[in-house]
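Undergrad: As a plain string of letters, each chain reads:
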Amino acid sequence: MTATAATPDALRGGPSGDRRRRGRLGRDLLRSTPLLPAVVLLAIFLLGPVISAFYGAFTNSALSGAAAQGAEFIGFKNFTDLFADPDFPKSVVLTFVFLFFSAVVGQNVLGLALALLMRSANKVVRAIVSTIVVGAWILPEIVASFAAYAFFTKEGTLNGMLAAIGITGPTWLYTFPMLAVILANIWRGAAFSMLVYSAAINDVPPEITESAEVDGATGWQRLVRITIPMIRRSISTNLMLTTLQTLSVFTLIYVMTGGGPGTNSSTLPLLAYKEGIAFGQLGFGTAIALILLVVGALCSIVYIRALKPEVD
Amino acid sequence: MSLALTSPRGRGLRVVSNLVLVLIGVAFLLPMVWLVLASLDTRATLTAKLPEFTLDNFTQVLTPENAWIPLGNSLIISAGTALVTVVVAVLAAYPLSRYTLRVNRPFLYGVLFGTCLPITAMMVPVYGLFVALDLLNSFPGIILFLAATSLPMAIWMAKNFMDSVPISIEEAAWTDGASMLSTLTRVVVPLMRPGIGVVFIFVFIQAWGNFFVPFILVTDPTQMPAAVTIYNFFGAYGAVAYGQLAAFSLLYSVPVLALYVLVQRFSGGSFALAGAVKG
Amino acid sequence: MRPAPRTTALARRAPKKRVLATLAAIAGAALLLSGCAGGSGDDGKTIKVAYQKFGNFIQLDKHMKKVKAEYEKANPGMKVELVPIAAQETDYFTKLALMNKSSSTAPDVMYEDTFQVKSDVDAGYLAPLDSYIDKWDEWDQFFDNAKQAGLGDDGKTYGISMGTDTRALWYNKQLFEQAGIAVPWEPKSWDEVLDTAKTIKQKLPDVIPMNVYSSTAQGEAASMQGFEMLLYGTKDTLYDTDSKKWVTGSKGFTDSLQFIKDLYGGGLAPSPDQALDKNVGTKVGAEWLPQGKLAIALDGSWMSGTWLEDGSAPWPEWNDVMGQAPMPTQDGDDPGSVSMSGGWTLAMGSKSKNKDAAWDFIALALNKENSKSYDIAASQIAVRDDVSKDPEYADANPSFAFFSSIVPVTHFRPATSDYSKISLNIQVAMEAVLTGQQSPKEAAAAWDESVVGIVGEKNTTK
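Protein sequences, first through last, are from chains H, R and S. In terms of the numbering used here, the first sequence is residues 1 to 312. In terms of the numbering used here, the second sequence is residues 313 to 591. In terms of the numbering used here, the third sequence is residues 592 to 1053.
What the hints contain is simulated information worked out from the structure, not anything from laboratory work. All residues carry an ideal CB built from backbone N, CA and C; glycine is no exception. Hints are supplied without guarantee of correctness; some may be wrong.
[Said to hold, decoys possible] Residues from chain R that face chain S, not an exhaustive set, calculated with beta carbons under 10 Å:
hint : residue
1    : G440
2    : N449
3    : T541
4    : N544
5    : F546
[Stated by the list, open to error] Straight line, CA to CA, 25 Å or less: simulated DSS-like cross-link-like pairs of lysine-lysine:
hint : chain 1 : residue 1 : chain 2 : residue 2
6    : H       : K77       : S       : K1049
7    : S       : K779      : S       : K794
8    : H       : K90       : S       : K852
Let the hints inform the model, and build the full structure from the sequences given.
TA: Below you can see the structure in the form of structure tokens.
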């Protein structure tokens, strides 16, 4: 990680830099004006909803009925109801299962494997396979979700292929909904990890691996002892980014299983949508969303910690 | 010792790598094959199979109501979002890249934090905000919201691209007394054009594919983007017409696939996106 | 984040001016367009009409288009903006509520389910129509129960009924004959229904014996066509009208869920993944029944609308193939059979800027001629005296006589604003039983708990 470009103003004057006429504060203020549009946009459209979520989660706001006219402050009732609802702990567990298997394990391991395999592969194979893998990532999420649905559904391609070799496939989306959405999310997101790891491995100086090879290290040893330690920062960043992306996955599960059967694949975003929007209990849904936000915020803090030297 | 690279073991590794890659490639391709085959099939089902060839699915889908209006709406939303995002992000990136300001650190932390917010979690309050500001069904409203959600990543990318523009060229402009804005627009922006292109396309692709935001914020059928209307093929028109669903999916996906090819040409390598966002 | 060497190289490459210029041009044009495409006329000269158009239900869309043309012709200078909402029932309520919440999107006229009326009156979405119906000479033509269906808790009228419906068993006579079951079929109890389904399963293994909507994906259809058709045939009920309390812990509730379990657990129904598909309603009408894949459907009187010439899946032979039987009570107790009635209304949005125009549209859409043509096309049971007596209506559909004949045994859903929430929890209970996640007892207990949570302990009774 190289530092940001050398900051010039310590040595020279800036664009309008006549330091003597204005105080440092005034100059800094002027220099930070280009940040203003970004600050305004982020404040209104990101910070605003987050703050209102903190309020909304404590009201009985609803889409219909008397509470739709005037929502009342109801204290922690949404949260006590939520913790009493068996769907909630189940949803939390499902969310972590989904995060762990599809993001932490699936996308990262497959992404790294793909990046490594690409290095020792034939040029044509590499070009074709990386195009296919990236294609699944570039497809609009709703299209990718339909494709995954068609693949896993009872009369879908997967069972069609199994039938061709004489196996009657199960109803994946009904019997193994989590497995199906996890596999689909790996399929959808592996490209991102692959790209990140390919770029990172490219930056490992070839002399290091070569000298290790001269010393007789096997491919596996080179991977574990040299490559992985060299790209560990990319690994931690990528783990965070894929985790956060996966935390907010909604469309894929919504299209494939709708969170069902029952609540068997209702991760937190699905539960928040079902309770908040489909069932019209805006306040209750916001309470779930707030918990999701807090989980995201905790992840962010870990992520920022990991990146700290870069910001300083 | 460089012989080791061409040793039998090395060649074995190559064969195994190729084989495994091909297998993974096939596995990744299978779900997508259905889209293509079903779109060309008179009797499309959910299974990928050789089609009874027809282009009817496309001709049936390619009507103003079914395709052109939603795709046009998608274009307005995505291009508007990308433009707003790029302008705002480049502006913000300049002081972040060029000066040491006391606001830089809190701002960058804030931006990093914003990158991580699960947007799905915020849709209920966002909907409330849109009601309060009377922005439902308004393209500018959706564009500004999507721009705000893409800004954190875009600012990071823009800052990185700007960092790589050598500072020496700007010095001449500074000594000529050019203002910050004119230095930015006349000197820096032209030099980082490819980077700006990458950011634009990156944001465009994300906005184009976004389903949940317009799903909640647009109620007027004439203003819905393709991401939302595509869902209608999934049962709203009677029995699900899988062929038409697949055909429309392809039409809707082609622009972003094309843009991705474009971004590769811009950056001279397929890894620019990831290179720009990686830590 | 780093300025990788790659990106430095990238910066040095010759700028691709043309591509960038094109992108800028596209974006610029897009912004211009977005400016122009802003909100449509809020000048009181345009009335916005929101309604559902989904799956096999295309008749209302046709009706609205026709009324729009008539209205615009009769009122020069006025415009009607139709907003068909392509969503199945549950999502339709959500979308409609989302629209109603903001004054810029709130419709002037909306297609409103009778059971949502009270809840939406409480929410302040609907405008009272009393001052209009007082002056409307056709109001006398509406049957009393249809008038009641549009009342809010405050006793004012908020919705004008478009038609009503009843529910019963549709069965495929050809399949019954193949399975050796006597036609006409007249089951006398739940057990007879289940026995028939078992016979079909045995004789015709490729046929789905019976469909009863049972999952949250089907929304109100599961509560009403499914669960309540069972519960109201037991000795228990859902809501005690006299004490105004919800009935919890009843045997009838558990028994009704047990019926669902017997049906799905016994393989007498669609497979669970089919049953959870939100499109199962479309499939039943457009595919399974016409193609002889389903023998019995517990469904609505409007079913045949799909099969008419103008319907979404025309089936000229439907009347020869399909028979109807009343749904029996649990053990055949009096009155022997049961039905549920609902129906939809046209209602006026409280945020309408031109309420007089909105009313004119409603009155036009539901005058005698238009009510008649809609009731025929959508297979609705007429709620206007003049329509029901019109021979053109009576002769239009051979199933009308049957479905009108079960009106004496029909029930209405509890008319309270809490019903919609409680109904959602019924669907949750059904789905838990259908998927085997809970036993009927457990699901009923969970439902009891949720009802207490919604209305409070004091508003329930055992």
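Undergrad: The structure should be examined with respect to each hint, and the outcome stated for every one.
TA: To see whether the hints hold, each was checked on the structure:
A least Cβ separation of about 9 Å between G440(R) and chain S falls short of the 10 Å threshold, and the interface hint therefore holds. At a threshold of 10 Å, the smallest CB-CB gap from N449(R) to chain S is about 6 Å, leaving the interface hint in force. With a least beta-carbon distance of about 8 Å to chain S, the hint placing T541(R) at the interface is held under the 10 Å criterion. The closest approach between the C-beta of N544(R) and any C-beta of chain S is roughly 5 Å, which is under the 10 Å cut-off, so the hint is satisfied.
About 8 Å separates the beta-carbon of F546(R) from the nearest beta-carbon of chain S, less than 10 Å, and the hint is met. For a cut-off of 25 Å, the pair hint linking K77(H) to K1049(S) stands: about 19 Å separates their Cα positions. Between K779(S) and K794(S), the direct Cα distance comes to roughly 22 Å. Compliance with the 25 Å bound is thereby established for this hinted pair. Of the pairs offered as hints, the one joining K90(H) and K852(S) holds, with about 23 Å between alpha carbons and a cut-off of 25 Å not exceeded.
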